[in-house]
Amino acid sequence: EPEVTQTPSHQVTQMGQEVILRCVPISNHLYFYWYRQILGQKVEFLVSFYNNEISEKSEIFDDQFSVERPDGSNFTLKIRSTKLEDSAMYFCASTHPGHTDTQYFGPGTRLTVL
Amino acid sequence: AQSVAQPEDQVNVAEGNPLTVKCTYSVSGNPYLFWYVQYPNRGLQFLLKYITGDNLVKGSYGFEAEFNKSQTSFHLKKPSALVSDSALYFCAVRHYGGGADGLTFGKGTHLIIQP
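Which chain is which? The protein sequence lines are V and B, in order.
The C-terminal residue of the first sequence carries number 114 in our numbering, and the numbering is unbroken.
The C-terminal residue of the second sequence carries number 115 in our numbering, and the numbering is unbroken.
If you're looking for bench data, these hints aren't it; they were derived computationally from the structure.
One should not assume that every hint holds.
What the hints assert, rightly or not - Selected chain B positions facing chain V (Cβ under 7 Å, derived; list incomplete):
| # | residue |
| --- | --- |
| 1 | Gly29 |
| 2 | Tyr32 |
| 3 | Pro40 |
| 4 | Leu44 |
| 5 | Leu48 |
| 6 | Lys58 |
| 7 | Asp101 |
| 8 | Phe105 |
Stated by the list, open to error - In silico DSS-like cross-links for lysine-lysine, where the CA-CA straight-line distance does not exceed 27 Å:
| # | chain 1 | residue 1 | chain 2 | residue 2 |
| --- | --- | --- | --- | --- |
| 9 | V | Lys42 | B | Lys22 |
| 10 | B | Lys107 | V | Lys83 |
| 11 | V | Lys57 | B | Lys107 |
| 12 | V | Lys42 | B | Lys77 |
| 13 | V | Lys42 | B | Lys58 |
| 14 | B | Lys107 | B | Lys77 |
| 15 | B | Lys69 | V | Lys42 |
| 16 | B | Lys77 | V | Lys57 |
| 17 | B | Lys49 | V | Lys42 |
| 18 | V | Lys78 | B | Lys107 |
| 19 | B | Lys49 | V | Lys57 |
| 20 | B | Lys49 | B | Lys22 |
Note that the Cβ used here is the ideal one computed from N, Cα and C, for glycine as well.
Required output: the full structure, derived from the provided sequences and hints.
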């Protein structure tokens, strides 16, 4: 069964550094999403992406964040200058264009900012 | 704004007994409702959804959920719990016709099945 994959599984970085989290959505999916889950808290929506542009974003998704689909398979989340409070699990999700109601999630990338 | 409430941080059930994990929601218009399960150090796995139609929906691993519009609830149920059902369960909502809208999640409920 096709799956959303994410790399790396764990990223450790210094405060102020840039990080790029990578996702490979399911191949025939066209809607892409990023969520984050701070340890012990609920999953929070960050951004959705369709047709090479942002569809919706939450108030968390400020100017420090950006998303990109650099090629036909990858979907990336960039954090320009990481803060301690960016430490979280980041999940990528995707949906099929004919079934946009169901989002399929990847295993997540744990980001630790020191 | 839409929101989801999962009133129980933890639910303990003996193996073989029925289980219920509670969820209530608030959304403008008709809701899309979902249950996801998260095992330790794993991502979110889709369990089931309510979009329209029958109020009782069936999903993976023997789980089902009942949509109750008047009570704005979408409780997750299973007739006979297994130890392997122990995990963190999230209820989520999105408003109908939202296209690429993000999901709003509850805070999660730890389900512990005791042998």
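Going through the hints against the structure:
{"no.": "1", "hint": "Gly29", "in the structure": "violated, 14 Å"}
{"no.": "2", "hint": "Tyr32", "in the structure": "holds, 5 Å"}
{"no.": "3", "hint": "Pro40", "in the structure": "violated, 12 Å"}
{"no.": "4", "hint": "Leu44", "in the structure": "holds, 4 Å"}
{"no.": "5", "hint": "Leu48", "in the structure": "violated, 10 Å"}
{"no.": "6", "hint": "Lys58", "in the structure": "violated, 15 Å"}
{"no.": "7", "hint": "Asp101", "in the structure": "holds, 6 Å"}
{"no.": "8", "hint": "Phe105", "in the structure": "holds, 4 Å"}
{"no.": "9", "hint": "V:Lys42 x B:Lys22", "in the structure": "holds, 16 Å"}
{"no.": "10", "hint": "B:Lys107 x V:Lys83", "in the structure": "holds, 23 Å"}
{"no.": "11", "hint": "V:Lys57 x B:Lys107", "in the structure": "holds, 20 Å"}
{"no.": "12", "hint": "V:Lys42 x B:Lys77", "in the structure": "holds, 21 Å"}
{"no.": "13", "hint": "V:Lys42 x B:Lys58", "in the structure": "holds, 24 Å"}
{"no.": "14", "hint": "B:Lys107 x B:Lys77", "in the structure": "holds, 18 Å"}
{"no.": "15", "hint": "B:Lys69 x V:Lys42", "in the structure": "holds, 24 Å"}
{"no.": "16", "hint": "B:Lys77 x V:Lys57", "in the structure": "violated, 33 Å"}
{"no.": "17", "hint": "B:Lys49 x V:Lys42", "in the structure": "holds, 19 Å"}
{"no.": "18", "hint": "V:Lys78 x B:Lys107", "in the structure": "holds, 26 Å"}
{"no.": "19", "hint": "B:Lys49 x V:Lys57", "in the structure": "holds, 23 Å"}
{"no.": "20", "hint": "B:Lys49 x B:Lys22", "in the structure": "holds, 15 Å"}
Of the numbered hints stated above, those contradicted by the structure are hints 1, 3, 5, 6 and 16, listed in ascending order.
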